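**Q** Sequence:
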Amino acid sequence: MRAVSCGNHRLNSLQFEWELPDQEARWHHLYHQLRRYRLLYGSSEVDTSKSGSGQGDWPAVARWLNKQGRLLAKQKLSGQKVAMLQLLEVTLRLPKRLVHRTAQLQALNGPERRKLRKKWKQLDAAAAEQEQQQRRQEHNHSVHQEQQEAERHEKQ
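Numbering (our numbering), first residue to last: 1 to 156.
I should point out that these hints are in silico values taken from the structure, not numbers from a laboratory. Every value quoted in this text rests on a predicted model; they were computed, and no experiment measured them. Watch out, some of these pointers could steer you wrong.
To be verified - Keeping only pairs whose Cα atoms sit at most 27 angstroms apart, straight-line, the calculated BS3-like set for lysine-lysine is:
id	residue 1	residue 2
1	K76	K119
2	K81	K96
3	K50	K74
4	K115	K74
Claimed, not checked - Cβ-Cβ distance ranges computed for the label pairs, FRET-style:
id	residue 1	residue 2	range
5	R117	Q145	38 to 48 angstroms
6	V82	D22	13 to 23 angstroms
7	G42	P95	24 to 34 angstroms
8	A128	L39	46 to 56 angstroms
9	A150	T102	49 to 59 angstroms
10	R136	L40	23 to 33 angstroms
11	V82	A25	51 to 61 angstroms
12	S142	L40	35 to 45 angstroms
13	L116	R136	24 to 34 angstroms
14	Q147	A83	40 to 50 angstroms
15	H29	T102	25 to 35 angstroms
Heads up, the beta-carbon is just placed ideally off N, CA and C, and yes, glycines get one too.
Could you build the full structure based on these sequences and the hints that come with them?
**A** What follows is the structure in structure tokens.
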């Protein structure tokens, strides 16, 4: 029993984290899924079409990698995590829009940043609404064309 307490003392002296928050544990779980993928397929470019019984949840790993790129662009990914991903030769895709926006935010103070973020949020919502309206119009147009085509076939 003494060896265990001695080991615990050493780990405690190194500020060992005995329990990880759920979010941190999930990050490490997906990181190790990525390691497994790299061992199986020789690449860190996750192809979500690859599957095998019990091999891994590759779509979740791909989504996680995309999120890591967004976090890096927002400068919210720790240096330690970036280094860990680099060990697996991961190339994070940085969304151009976020890179541009991050550069703009760096020159502003807190209230100016909040104001600009609020403006971007409104612009993004308006763009999403516009895209949705365009999709609806395209759908309605294709339905209308199908109806006209069906009417032509009935007349013949």
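**Q** Indicate, hint by hint, whether the structure satisfies it.
**A** For each hint, the structure was consulted:
1. Restraint check for K76 and K119: satisfied, since their Cα atoms lie roughly 21 angstroms apart, inside the 27 angstroms limit.
2. Under the criterion of a C-alpha separation no larger than 27 angstroms, the hint pairing K81 with K96 is consistent with the structure, at around 21 angstroms.
3. The straight-line distance between the Cα atoms of K50 and K74 is roughly 30 angstroms, outside the 27 angstroms bound, and the hint therefore fails.
4. With a C-alpha separation of about 17 angstroms, the suggested pairing of K115 with K74 holds against the 27 angstroms cut-off.
5. For R117 and Q145, the hinted distance range of 38 to 48 angstroms is satisfied, since their beta carbons lie about 42 angstroms from each other.
6. One distance hint, 13 to 23 angstroms for the beta-carbon pair V82 and D22, holds here, with the actual separation near 22 angstroms.
7. One distance hint, 24 to 34 angstroms for the beta-carbon pair G42 and P95, holds here, with the actual separation near 27 angstroms.
8. Between A128 and L39 the beta carbon distance is about 39 angstroms. The supplied range of 46 to 56 angstroms is therefore violated.
9. Against the hinted window of 49 to 59 angstroms, the Cβ-Cβ separation of A150 and T102 comes to about 51 angstroms, which satisfies the hint.
10. Look at R136 against L40: about 42 angstroms separates their beta carbons, and that is not inside 23 to 33 angstroms.
11. Taking 51 to 61 angstroms as the suggested C-beta distance range, the pair V82 and A25 does not conform, at roughly 19 angstroms.
12. Distance hint check for S142 and L40: the Cβ-Cβ separation is about 41 angstroms, which falls inside the suggested range of 35 to 45 angstroms.
13. Taking 24 to 34 angstroms as the suggested C-beta distance range, the pair L116 and R136 conforms, at roughly 31 angstroms.
14. Taking the beta carbon of each, Q147 and A83 are about 59 angstroms apart, not inside 40 to 50 angstroms as hinted.
15. Under the hint 25 to 35 angstroms, the C-beta atoms of H29 and T102, about 28 angstroms apart, fit the expected range.
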